[in-house]
Amino acid sequence: MVFETKETISVSAVFENYKLKPTAFVWNGKKYKILAISGFFRDRKGKYYRYHYAVRAQDGNVYEICLSTENMSWNLIRVHSQGDFG
Amino acid sequence: MRERQIIHLDMDSYFASIEQKDVSFYRGKPLIVCHTDDVSSNRGVVSSASYSAREYGIRAGTSTLEAKRLCPKGIYIKGNYSKYLYNTRKIVEICREYSDLIEIFSIDEIFIDVTFTHGFFDSSINTGKKIQNTIRNNLGLPVTIGIGPNKLVAKMATEFKKPNGFTVIRKKDLPNILAPLPVRKIVGVGRKTESYLNSIGVATIEDLSKVPVEILKRKYGVLGLFLHQASLGIDHSPVIPGENGLGVKSFGHSSSLGNGCKDLSVLKAVLLSLCEGVTRRMRKEGYRGKTITLGLCFGRMFSISRSCSIKELTDITNRVYSVAARLLEKETQVFGNYSITLIGVSVTGLVNDKLEGRQFSIFDLLEKREIDLTRTVDLIRDKYGEGIIVRGSILNGKKQFCGVPGAEIR
Chain D
-9 MVFETKETIS
1 VSAVFENYKL
11 KPTAFVWNGK
21 KYKILAISGF
31 FRDRKGKYYR
41 YHYAVRAQDG
51 NVYEICLSTE
61 NMSWNLIRVH
71 SQGDFG
Chain C
703 MRERQIIHLD
713 MDSYFASIEQ
723 KDVSFYRGKP
733 LIVCHTDDVS
743 SNRGVVSSAS
753 YSAREYGIRA
763 GTSTLEAKRL
773 CPKGIYIKGN
783 YSKYLYNTRK
793 IVEICREYSD
803 LIEIFSIDEI
813 FIDVTFTHGF
823 FDSSINTGKK
833 IQNTIRNNLG
843 LPVTIGIGPN
853 KLVAKMATEF
863 KKPNGFTVIR
873 KKDLPNILAP
883 LPVRKIVGVG
893 RKTESYLNSI
903 GVATIEDLSK
913 VPVEILKRKY
923 GVLGLFLHQA
933 SLGIDHSPVI
943 PGENGLGVKS
953 FGHSSSLGNG
963 CKDLSVLKAV
973 LLSLCEGVTR
983 RMRKEGYRGK
993 TITLGLCFGR
1003 MFSISRSCSI
1013 KELTDITNRV
1023 YSVAARLLEK
1033 ETQVFGNYSI
1043 TLIGVSVTGL
1053 VNDKLEGRQF
1063 SIFDLLEKRE
1073 IDLTRTVDLI
1083 RDKYGEGIIV
1093 RGSILNGKKQ
1103 FCGVPGAEIR
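Same order as they appear, the protein sequences are chains D and C.
Under the numbering used here, the first residue of the first sequence carries the number -9, and numbering increases by one thereafter.
Under the numbering used here, the first residue of the second sequence carries the number 703, and numbering increases by one thereafter.
Possibly wrong hints are sitting among the right ones.
Only pairs whose alpha carbons sit at most 30 angstroms apart, straight line, appear in this in silico BS3-like list of lysine-lysine [what the hints assert, rightly or not]: (1) C:Lys970 with C:Lys986; (2) C:Lys832 with D:Lys37; (3) C:Lys887 with C:Lys986; (4) D:Lys21 with C:Lys780; (5) C:Lys731 with D:Lys(-4); (6) C:Lys951 with D:Lys35; (7) D:Lys(-4) with C:Lys986; (8) C:Lys832 with D:Lys11.
These aren't lab readings, by the way, just hints derived from the structure by calculation.
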């Protein structure tokens, strides 16, 4: 099941091998530990870059999160939950 | 002369594969990537289907409505084209390690001429294998490779085995491999050409090679010569480096109108939005054009296309729109009783100002206000993004268009 949204979230991240690596995020007051980054891409909105990550959290779901350099905020874009497919 | 070595790279169900790489529990499932604003609706078309989804008869181009009927339990997601373009750029970066002659044929197909570079990697086969492995290991994406003495044969080679295929056709093996294949396997031979060829007793490529070239030329003109040469595995077309360089012949956008629309004001709003998209891309890439073509589909009954050439080259939205709108008005007078289900506009007769230099004309002075306004709006969009500024008439049209069942406007 896919759930689309656009909510500002808090993300903790580290720099590793010159790359930004999100490690956990808080959504709706709940903390999600990131187990793996399964996808990444970069695009632009106007002159500002946006960094998109597909991350697998502890609950098994995959979350698409995005860092916008326009206001240096993180957003949750999509949630892929295992639902019927798991 | 050195024998040409061309590698054709064809990404396997590209968009679906990228989504399956990102979301591991989609792997092995019928995943359908749709081109639509809202995936929960039945609007739009399928842009990519995973191999599991293809077992249900779903292909790129199938309407979302039809796909949901064929596979109600499939996973339907909205395509993210920025993501797919990013991956294509990464694939091109990998290919550049092996040759500088790279032609980006489409978002999921690339030609690489390794005639002069394959020696550095032992052979063209090794080069192809290295490219395939690097894409698989670095990006996690499946890719099929075809190798041949020219682009036509290399592309045909990729069709032999998919996904993760690897096929080499050598020049000496060409007659044996091509001869028994149906004519439809030749790139550019569609349903109509195939049925004509079948009607004159031509079923295989070998049959086609025996048809005198004059007969094919009389029927198809330049395409006739191409068909004759293709049947012999001959293709001299070069690999043209770059994605936006010499290869661009037209800029076009189209929009599906779901169950159809007859309202001229709504159609004009959609047309304006399409013209805006086309000319914005032209300006970004430094092109201007002379010939404006309007395409219309009336249900599944018939489609028409009408063109008009203007005296001066243009990349201005209103100029293209005024010509296209005039063509639309004319056609709706003739076919007013029919609902239009698809509308498209394209601009051809292009000149690249970056390559050929821009010649200023009297129209640049007459349309100065329009040009200045367009340039300013472009600057605002460059800075803040495409959706930041929209024409009121398009917004109004969008609002009305939402009432059309099964409609999609981009």
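> Which numbered hints does this structure break?
Replying inline: Hint check: 2, 3 fail, others pass.
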